[in-house]
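Note that the protein sequences, when read in sequence, are chains A and B.
Using this note's numbering, the first residue of the first sequence is number 1, and each one after it goes up by one.
Using this note's numbering, the first residue of the second sequence is number 1, and each one after it goes up by one.
The set of hints was computed from the structure by calculation and includes no laboratory data.
Ideal Cβ placement from N, Cα and C applies to all residues, glycine included.
There could be a bad hint or two in this list.
As the list claims (entries may be wrong) - Among the chain A residues that face chain B by a calculated CB cut under 8 Å, a handful are:
#1 F103
#2 F111
#3 L112
#4 S187
2 protein chains.
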Amino acid sequence: MKYNYSDIPEVTVRRLSNYFHILKCLKENGVDFISSKQLAALAHTNAVSVRKDLSYFGEFGKKHIGYNVNFLMKEIMKILNISKTNKYIIVGYGNLGTAIAHFPGFKDENFLLKGIFDINKNKIGKEPIEGIKVMHIEEIDAFVKENKIKFAVLSTPMNVAQVTSERLSKAGIRGILNMTGRHIRVSSETLVFDINIVTGLEWLSYFVSKKGDKR
Amino acid sequence: MKYNYSDIPEVTVRRLSNYFHILKCLKENGVDFISSKQLAALAHTNAVSVRKDLSYFGEFGKKHIGYNVNFLMKEIMKILNISKTNKYIIVGYGNLGTAIAHFPGFKDENFLLKGIFDINKNKIGKEPIEGIKVMHIEEIDAFVKENKIKFAVLSTPMNVAQVTSERLSKAGIRGILNMTGRHIRVSSETLVFDINIVTGLEWLSYFVSKKGDKR
DNA sequence: TCGTGTGAAGACTTTCACAGCG
DNA sequence: CGCTGTGAAAGTCTTCACACGA
Numbered sequence: 001m002k003y004n005y006s007d008i009p010e011v012t013v014r015r016l017s018n019y020f021h022i023l024k025c026l027k028e029n030g031v032d033f034i035s036s037k038q039l040a041a042l043a044h045t046n047a048v049s050v051r052k053d054l055s056y057f058g059e060f061g062k063k064h065i066g067y068n069v070n071f072l073m074k075e076i077m078k079i080l081n082i083s084k085t086n087k088y089i090i091v092g093y094g095n096l097g098t099a100i101a102h103f104p105g106f107k108d109e110n111f112l113l114k115g116i117f118d119i120n121k122n123k124i125g126k127e128p129i130e131g132i133k134v135m136h137i138e139e140i141d142a143f144v145k146e147n148k149i150k151f152a153v154l155s156t157p158m159n160v161a162q163v164t165s166e167r168l169s170k171a172g173i174r175g176i177l178n179m180t181g182r183h184i185r186v187s188s189e190t191l192v193f194d195i196n197i198v199t200g201l202e203w204l205s206y207f208v209s210k211k212g213d214k215r
Numbered sequence: 001m002k003y004n005y006s007d008i009p010e011v012t013v014r015r016l017s018n019y020f021h022i023l024k025c026l027k028e029n030g031v032d033f034i035s036s037k038q039l040a041a042l043a044h045t046n047a048v049s050v051r052k053d054l055s056y057f058g059e060f061g062k063k064h065i066g067y068n069v070n071f072l073m074k075e076i077m078k079i080l081n082i083s084k085t086n087k088y089i090i091v092g093y094g095n096l097g098t099a100i101a102h103f104p105g106f107k108d109e110n111f112l113l114k115g116i117f118d119i120n121k122n123k124i125g126k127e128p129i130e131g132i133k134v135m136h137i138e139e140i141d142a143f144v145k146e147n148k149i150k151f152a153v154l155s156t157p158m159n160v161a162q163v164t165s166e167r168l169s170k171a172g173i174r175g176i177l178n179m180t181g182r183h184i185r186v187s188s189e190t191l192v193f194d195i196n197i198v199t200g201l202e203w204l205s206y207f208v209s210k211k212g213d214k215r
C-alpha cells in the first residue's frame, strides 16, 4: 500500500534507525536473510511491528524467506536520507565533543565530520582528527554557508547552549543534535533532537524502583 | 484522583525528568512560581499535557497561581526516586566514559559516581576524579555487591557491549544506561535504557529531508 | 507450512471542554 | 477572571487475525 509521509508515525522513524544498526551488525557477521521475528527479537520489539514499520515505505520482504539484509539496509538508507554523505559539525569541543568526534558509529554511516568549533584559544588551530581543524565559533557562519553544512552536534557547556543554538540556526543549520542537557528554542526552520544523558538514569531510577509493583 | 502505577504512560515519566531539568534551571534564575503554560513552552509541549502528567502523581498546583518551583522539584524527585543519592559506575573509560564522568548534569542530581572500570592497564589505578579510581573490570562483581551499586553507564567499545552487559547483570546491576550504540540483551532483572547518538542524526536527516512535504 | 503485508480492533496518549476555586 | 485538575472525545500507535504466496 502507498502511504503519505504524514501518515507515518514518528516512532517508526526512530525504530527504522534501530533496525538499520542491527542489520549492519548482522551483515558484518555474514547474515544474508532475516525474518521480522528475528529482527524484532534483536530490536526489543515484535514481529508485526517490524513488518508494519517497513510496510509504510514499501514491500521489502520475500514470503517464506524474510528480508535480504543488504537490500533492506539500502532501502532504509534511502528512507532516512543517508544514502549520500551528510556533512556535520561539532560545536563545543570539550569531553563530550571529543567523544563524539571519535565515536565510531558515525564514520560507517555516511555522516561526515567537516569541522569542529570552540572558543578556547588553546584548542583552536589544532587538528585532532586528520583533516579536521578546530575553529573559532566566530567562523561558523561562513563555514556552514561555504560547505553547505546541514547538521550540527551541540556539545557546549549548558550556559551557552541557547545562544549558540540561535547562532547555528541563523547560519543555516537545519538540524541540531542537542547534547547539552539544556532545552533550546530555535526558529522552526531548524529541527532539534535532544539527547539528555541524565534523563536516561532518571528513567532507570523510576522503573527500577517500581519493579515488584504490579504492572 | 489516585492512579495505579501501571496506569501511568511511559512518556509521562520521560517528560517528568524533562520538567525537572527545566525547573532546576528556573530555580537557579530565581523563579518561584510557574504555570503549566509557561512550563509547557519551555518543555516543547502544551499546558494540558503538563497538568495531566503531574496529575497522575498528585495535586501539586495552586489554582490561580500555578506551581511552586521548589515544591514541584521535590515532588518530582520523590516520584523518580532521586531524593536520596543513587550510586552508579562507569564501565568503559574511553572518550565517552570520560565525557560522562565529567558531565555536570549528574553531580547536581543526586547521581553519585562511585567507580570506573576498564581493561586498559595504562588507565587502571589512575584517579581521574577526586576519590574515584579506575579499576579492572574483573573487580566489578565484588565492587557492585560491596557498594550496593544499582546503576551502570555502559560506554565500552561496541564489540564487547554484549558480554560486558551480561557481566553487569550477573553482578547485580539493576539498570544499564547503554551508550555503546549496540543493542544488548540481558536478563529481565536488569533494565536497559539505550542512548544512541547516531540515531539522533538519522532522525534529523529524515525529518529535515521531509520538510516541505505536507505534514 | 512458514513468513510477509494489511485492514480492523484494541490499547494507549493527547487534546478538548469544562467544573472548581482563589 | 486565571489557572488547575479531570472525565470524555479524538487521535495515534500497537496488536490481532487472516489473506496470500513460495
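- prompt: Honestly, which of those hints from before does the structure not fit?
  reply: Structure breaks hints 3 and 4.
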